[in-house]
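With chain D's structure known, arrange chains E and Z on it following the hints.
Letter by letter, the chains look like this.
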Amino acid sequence: MSKAWLAIVAAVVLLPVFVRQAIATEIWIFAIFGLGLNLLMGYTGLLSFGQATFFGSGAYVAGYLLKYYGVNVFLALGVGIVVGAVLAAAVGYLCVQRSGLYFIMLTFALNQMFYFTAYQWTTVTGGEDGMPGIPRPSVLGFDIHRPLAYYSAVAVLFLLSLWVMKCIVDSPLGKILQAIRENELRAEALGYNVPRMKLAAFVVGGAFSGLAGVLYAMLFGIVPLESIGFVFSGNVVFATLIGGSGSLYGPVIGSFVFIWLSESVSSMWARWPLLLGVAFVIVVLFFRGGVVEAWARFWIWRAVRRAPDAVQADASR
Amino acid sequence: MNVPLLFSQILNGLATGMLYALMGIGLSIITGVLNIPNFAHGALFALGAYFLYTLIQLTGNFWLALLLAPLGVGLLGVLIEYGGIRPLYKAGHDYQLLLTFGLSLIVTESIIIVWSPVGMSQLPPPILRGGVDLGITFYPKYRLFVMVSAALLVLGAWLFLEKTRYGAIMRAGIEDKEMVALLGIDIHRLFTAAFALGCVLAGIAGALTAPIRGLNPWMGVDMLGIAFVVVALAGLGNLLGSIVAGLLVGLAQSLVALVWPEASVAVIFAVMAAVLLVRPQGLFGIR
Amino acid sequence: MSVLTRREILKLGGAATAAGLAFPVVLRAQPKEIPMLGLWSFTGAFSDVGPVLDRGMKMALEERGMKIQGKTIKYITRDDETKAGSATRRAEEAIDADGVKYIIGPWSSGVALAVSEVAKRKKTFHYFSGGTEDISGARCHRYSFQWAASPYTAAKTVVDNFMQANPKAKRWHLLVADYAFGWSVEKYIKEVGKGHGIEFVGADRHPLGEREFSNYVTKAAGNKPDVVAMINFGLDAVTGAREIFNFGLTPKVPLILTWSSGVEELVQLNPEIRENMWVGSNFYYTADTPVAREFVKSYQAKFGNPPGYAPAAAYGMTRMMLHAMDKAKSTEVPDVIKACEGLEVDDLVGRMKVDPKTHQTLRPYFFMRCKKKEAMKNAMDFADIIATGSTPLPAEYAACKDIGSL
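Protein chains in written order, with the working numbering: chain D, 1 to 317; chain E, 1001 to 1287; chain Z, 2001 to 2406.
Excised from the complex, chain D in its bound form (with noise of 0.2 Å):
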């Protein structure tokens, strides 16, 4: 377990030596928001379409009250936690009641209303415009202005999310919600209250993704529209597939390896979405454990090659 750990401590470290501070920062952040999905997705079984809502809710509040109020950024950090944690449970609530099929639809259809409601109310979002000049205050009297620094900050920030989100998962509710995912009608019967606990799963994912939200509303000082479109909810989704839905990690290595494509290759060529799209299908046909199984089977076709006897001694066994 550790060497996981240390592996991303030198990920974090090195990162923005290979690549623009900015876009390492946004890997980060995308990580925690894809952390949060996962715990709904890859923990609890539970598809949801429609975190952008929650992560851009929490970007526009928080971006508001640093605009307009120039409140500091602790506050801003908890304001965006609380948003995204309160608009998951009232959403959650309604979504679910229902399984399966419905609450994917519906996660989406709520998703569209906020996107709509942000879009329609300009004098408060921006409407399409976004929601430019968000600053970014001092941490404790340190200035986070340079790209560096905030990087830095950042960084620090997700490392405690990851740390968080091992222990929610290492939890006994992380116990149920994985067993809710395996069968959830035998963990009703053994008498656990699903839809609550599944509330609690969509609370935690909000919060996590209300926190993305802020972080990336002060990253480029601007809150954009898509943050709380459905393109983005499709985004951390397929993120989160291709590191590896069933893996802690595999929402931060799908974060990297999406971040990094889309920027490097969007900017070569105009009709990116359509190899997104290409890799989308690729990858939910062929490569459904994403990077995370494909790299345990990757090893254990190695281990069998090396030692094809010893392993056939041990099956036989």
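Hints listed in this document are in silico derivations from the structure and should not be mistaken for laboratory results. One or more hints might be untrue.
Straight-line distance between alpha carbons at most 25 Å, and here's what the computed SDA-like set of lysine to any residue pairs gives [what the hints assert, rightly or not]: (1) D:K175 <-> D:A89; (2) Z:K2401 <-> D:A89; (3) D:K67 <-> Z:I2403; (4) Z:K2058 <-> Z:A2097.
Listed next, the stretches of chain Z that the computed footprint assigns to chain D, with coverage defined by at least 3 CB atoms under 8 Å from CB atoms of chain D [said to hold, decoys possible]: (5) 2069 to 2083; (6) 2234 to 2248.
Bear in mind that the values here come from a model prediction, so they are computed numbers and not experimental data. We put the CB at the ideal spot given by N, CA and C, even for glycine.
Here is chains E and Z on its own, set in the frame of chain D:
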């Protein structure tokens, strides 16, 4: 209240409502039989419109194009189901859904590459241009045509599903797939047929819409959300419900646009949320 | 209309991967180079204008042999995806990683506001071609300049000249995009209209991105106007014009497109829809100035069709920027800004002057009448320019009270 305006708005609502019903039925069939919310439904709607445009360019005949365009979309649906969705049966509904999401991106981008990112206009056929004086108000002929033909198509779909053997099989597939398979019916064929039928309906809706709203590559995006609302309101797999829900949504949209235009889209989703809170199975679903 | 061939993509792909992985060091422009950014849309809602905007700016730079004051001009483009968020990111990236100090674009007003913030924050020179009043108004600052005419100029040109051609058309119905820009133009049209004794029998606001215009058209028809004037742009204008035609309102009743991009919008309609349409625009390719004639000739020779507003605007803005550099005899941003303030030249659309107090370019606005199908000499012969106007925004309306310091 301005009566002519109200009357036109009601007509507009019925016209758009009919289109929503078509989309709803198509999506309902797909979700009912295959159990996946088809995220590509909006993109297929757009494709129907673009096929119509090109067929008119090629043949000069609106009616022929109107017939062939949806069939083209249906054919694509067969390919998608066979090549993409079927291999994923074992993987589960989530992955089939994600496939359709990826496909929606591919279709939309392909439209931009093949046709153009710029919007285009498509005039209605000459006999349907201009308007008629309905006494109370002046109304475009083409919109009346859309209302009538969509209604006929909806009726046709309903008759097919209710009165024919194939329709019965499809409805049975929505109710209980296992039983249908046990009865010896090729379930895979059923799935392909259902998906293709849904695509054809989306294609027709798109083709009919083109002369009203013009064509642009993202014309299906808004439609997708509304189609989901219609299906959720109706109750999954409930076809009659989709018709009523479609009309309701269309009317709600145009009437709200009279008093609060900015909210006319968001209101649809709010209504859906409200209904689902009170009746999670939708207006007509059984639970 | 794809931007790159497959081979180019593969080449770029290989190069980019190698560069991205092997060069951790950020490449900065050499001191003898001036990086300039064209921030255009290659994807998203305005993706059709990206390539032509690129053409316009490139043409203006190539006229100077890609050199200014002995230094080489490094022209780079970035895709803003017609989105404020992407524009902000790409602009910042260009400034941080490529050393860009001059930005032309973007196309969309909303996106421009975000870019203007970046320009202010990063102290880069920024010229913009859209109509939003904020850039030279409430959100004015020393780094952004506006090339399009003021909405007031547009309103005055349109109303005055339309009334001259149709003195009896006193009942006007307005269809306005529900957006700060729309409200400004609406306000000015009503102001100017008062002087002509115009009665505004209706004024409806529609949300941006509206696709369902039938409601508005029925309302308009119900008011029995002599003329319908639309204050919107892009796809909204095109969709609105189409619906108005479908309902049979036009061509009986004339339709005015107050703030049109001209060719880009007109090409999306048919001659039948365009009949009896009157169009106000910041540029039309039959403009009769030496610079315009040369530009249209070269553009047509190179690309086979006449330029629309987009390439003309990119061309015009780049030229204004270069004129400012000439006047400043320097390529340092503060010098160029000071030179640009008060700059007065005879350029693309006629006499153009930059107002130092608001950074608004004062220049003529065009008013055209669309042709019937029979009168069109070719597929792109949409309209004739019948008048121009250049009355600037009166000082009492200017929202830019203090443009600030560098």
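To see whether the hints hold, each was checked on the structure:
1. A distance of roughly 21 Å separates the Cα atoms of D:K175 and D:A89; the hinted pair therefore holds under the 25 Å criterion.
2. For the hint linking Z:K2401 to D:A89, the alpha-carbon distance of about 46 Å lies beyond 25 Å, and the restraint is violated.
3. As the CA atoms of D:K67 and Z:I2403 are separated by approximately 20 Å, the hinted pair is consistent with the 25 Å bound.
4. The suggested pairing of Z:K2058 with Z:A2097 holds, with an alpha-carbon distance near 21 Å, which does not exceed 25 Å.
5. Residues of the stretch 2069 to 2083 of chain Z with a Cβ under 8 Å from some Cβ of chain D number 4, which satisfies the need for three, so the listed coverage holds.
6. Evaluation of the coverage hint for the stretch 2234 to 2248 of chain Z: breached, as 0 residues show C-beta separations to chain D shorter than 8 Å, against a requirement of three.
Checked against the numbered hints given earlier, the structure breaks hints 2, 6 and satisfies all the rest.
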